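Enquirer: Here are the chains, one letter per residue:
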Amino acid sequence: MTAEADLAIIAEQEKKLVFDSFDEDTAYEIGSTIREVGKAIGKGLVAGVFTWDRTLFWGATQGSTSTNWSWATRKVGLVKVMFKSSYRIVLERGDKPRLLEPQWGMDTTEYAIAGGAFPIRVNGVGIIGAVAVSGLHERDDHEFARSAIARSLGHGAEAFALPPA
Amino acid sequence: MTTTDDIAKVAEQERLCTLKGFDETTALAIGTRIRELASAAGKSLAIDIRFWNRQLYFYAMPGTSPDNIEWIRRKSNFVRRFNRSSYSQTLRLENAGKSGFAFDDGVDDMEIAAHGGSFPIRIEGVGVVGAITVSGVPGRYDHGFVVEALCEHLGIDYRPLHLE
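Chains G and C are the protein sequences, given in the same order. Heads up: the first sequence at position 137 corresponds to 1375 in my numbering, and the numbers run straight through without jumps. Heads up: the second sequence at position 109 corresponds to 90 in my numbering, and the numbers run straight through without jumps.
Don't read these hints as lab results, they were simulated from the structure. Don't take each hint at face value.
Only pairs whose alpha carbons sit at most 25 Å apart, straight line, appear in this in silico SDA-like list of lysine to any residue [to be verified]:
| hint | chain 1 | residue 1 | chain 2 | residue 2 |
| --- | --- | --- | --- | --- |
| 1 | G | 1281 | G | 1395 |
| 2 | C | 1 | G | 1290 |
| 3 | G | 1318 | C | 6 |
| 4 | C | 1 | G | 1347 |
| 5 | G | 1253 | C | 105 |
| 6 | G | 1318 | C | 35 |
| 7 | C | 1 | G | 1292 |
| 8 | G | 1254 | C | 106 |
| 9 | G | 1277 | G | 1395 |
| 10 | C | 1 | G | 1257 |
| 11 | G | 1254 | G | 1295 |
| 12 | G | 1322 | C | 79 |
| 13 | G | 1318 | G | 1398 |
| 14 | G | 1318 | C | 79 |
| 15 | G | 1254 | C | 34 |
| 16 | G | 1318 | C | 24 |
| 17 | G | 1318 | C | -10 |
| 18 | G | 1254 | C | 109 |
| 19 | C | 1 | G | 1329 |
| 20 | G | 1322 | C | 36 |
| 21 | G | 1277 | G | 1291 |
| 22 | C | 79 | C | 44 |
| 23 | G | 1322 | C | 65 |
| 24 | G | 1253 | C | 4 |
| 25 | G | 1254 | G | 1390 |
| 26 | G | 1254 | G | 1334 |
| 27 | G | 1322 | G | 1301 |
| 28 | G | 1254 | G | 1281 |
| 29 | C | -10 | C | 65 |
| 30 | G | 1253 | C | 40 |
| 31 | G | 1253 | C | 106 |
| 32 | C | 24 | C | 50 |
Covered stretches of chain C (chain G as the covering partner; in silico rule of three or more C-beta atoms under 8 Å from a C-beta of chain G) [said to hold, decoys possible]:
| hint | region |
| --- | --- |
| 33 | 0 to 11 |
| 34 | 31 to 37 |
| 35 | 101 to 108 |
All of these numbers come straight from a predicted model, not from anything done at the bench. Don't be surprised by glycine CBs; every beta carbon is placed ideally from N, CA and C.
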């Protein structure tokens, strides 16, 4: 698995995983799916579903801490500004330091370059929010979010999956 | 028309003016149309269309001032917090004989204004993703410009929804 291969798949994920509608029930379904999967494998993680003005779902499993809250919301911040999944931004950075460039004027308490936040795109509207996971390796955080979104859209959990690392 | 009638009519405007989609192109079209309506009426407006994470359209007509931008900010914050038009709040307060938010509403007057002119962008099956806001004339008429442009865009007859 190379970064280039992952990037190609992630571009496909972002293109295909698009909603016709997305409401509070959709958010609950996605968030609770992630939380249940995390619990089933015994991992401490948090799952959040956000629109740009509010939190629609927040859940945590045992073993997660407030630092996961910070990571999740800062990853969502990155999606909010860049309109790409945060893991795609990580991979596109390549060998460059995983730091917000000073000239971007982005506060590290609000944004983080780390994988795990996936855009919620609605047909005819655009990106209205993001699903974020924190607690696993960032590639897995990303995949947990992607998988729950894919299931909610009626695809299988493995639809557009990244290959095993 | 009583205030109660107006409240019902504004609720009807909000119910009917629900969109199936709304993107950057829609914002430009509606913003431009509001500007045309204002020009034709000989009014100066500042016009703002935003999603909650970014501004999609802004235009300030000659005769407006920085104060209009502040009003837009505070009125659109009302829609963001309450997900209904800011004029609906003006009417509710009027109906209750109140001049503003109550202390225990926890609403900061510096951030949120209950004055007409900001209207929700509500998407069917999604919710309120942003606001269309106008400032330049009294709130009731700011509100009217937005609703008229939205009705035209949606192919809805504005006349029965017009506030006298």
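Enquirer: Now, for every hint given, state plainly whether the structure supports it.
Expert: We went through each hint and held it up to the structure:
1. 1281/G - 1395/G: holds (19 Å)
2. 1/C - 1290/G: holds (19 Å)
3. 1318/G - 6/C: The given pair, whose Cα atoms are some 20 Å apart, holds under the 25 Å limit.
4. 1/C - 1347/G: Violated - the C-alpha atoms of residue 1347/G and residue 1/C are around 36 Å apart, more than 25 Å.
5. 1253/G - 105/C: holds (22 Å)
6. 1318/G - 35/C: Roughly 9 Å between the alpha carbons, so the hint for residue 1318/G and residue 35/C holds.
7. 1/C - 1292/G: holds (21 Å)
8. 1254/G - 106/C: holds (19 Å)
9. 1277/G - 1395/G: holds (17 Å)
10. 1/C - 1257/G: holds (13 Å)
11. 1254/G - 1295/G: holds (23 Å)
12. 1322/G - 79/C: violated (46 Å)
13. 1318/G - 1398/G: holds (23 Å)
14. 1318/G - 79/C: violated (38 Å)
15. 1254/G - 34/C: holds (23 Å)
16. 1318/G - 24/C: violated (36 Å)
17. 1318/G - -10/C: Not OK: residue 1318/G and residue -10/C at ~35 Å, beyond 25 Å, violated.
18. 1254/G - 109/C: holds (24 Å)
19. 1/C - 1329/G: violated (35 Å)
20. 1322/G - 36/C: holds (18 Å)
21. 1277/G - 1291/G: Given pair residue 1277/G, residue 1291/G is violated - Cα atoms ~28 Å apart, limit 25 Å.
22. 79/C - 44/C: violated (31 Å)
23. 1322/G - 65/C: Distance of about 30 Å is beyond 25 Å: violated.
24. 1253/G - 4/C: holds (17 Å)
25. 1254/G - 1390/G: holds (13 Å)
26. 1254/G - 1334/G: violated (29 Å)
27. 1322/G - 1301/G: violated (28 Å)
28. 1254/G - 1281/G: Roughly 28 Å between the alpha carbons, so the hint for residue 1254/G and residue 1281/G is violated.
29. -10/C - 65/C: holds (13 Å)
30. 1253/G - 40/C: Distance ~32 Å between residue 1253/G and residue 40/C Cα, so the pair is violated.
31. 1253/G - 106/C: holds (20 Å)
32. 24/C - 50/C: Holds - the C-alpha atoms of residue 50/C and residue 24/C are around 16 Å apart, at most 25 Å.
33. 0 to 11: With 5 residues closer than 8 Å to chain G, the region 0 to 11 of chain C meets the three-residue bar; holds.
34. 31 to 37: holds (count 3)
35. 101 to 108: Three-residue rule met by the region 101 to 108 of chain C, so holds; n is 5.
Violated hints for the displayed structure, listed by number in ascending order: 4, 12, 14, 16, 17, 19, 21, 22, 23, 26, 27, 28, 30.
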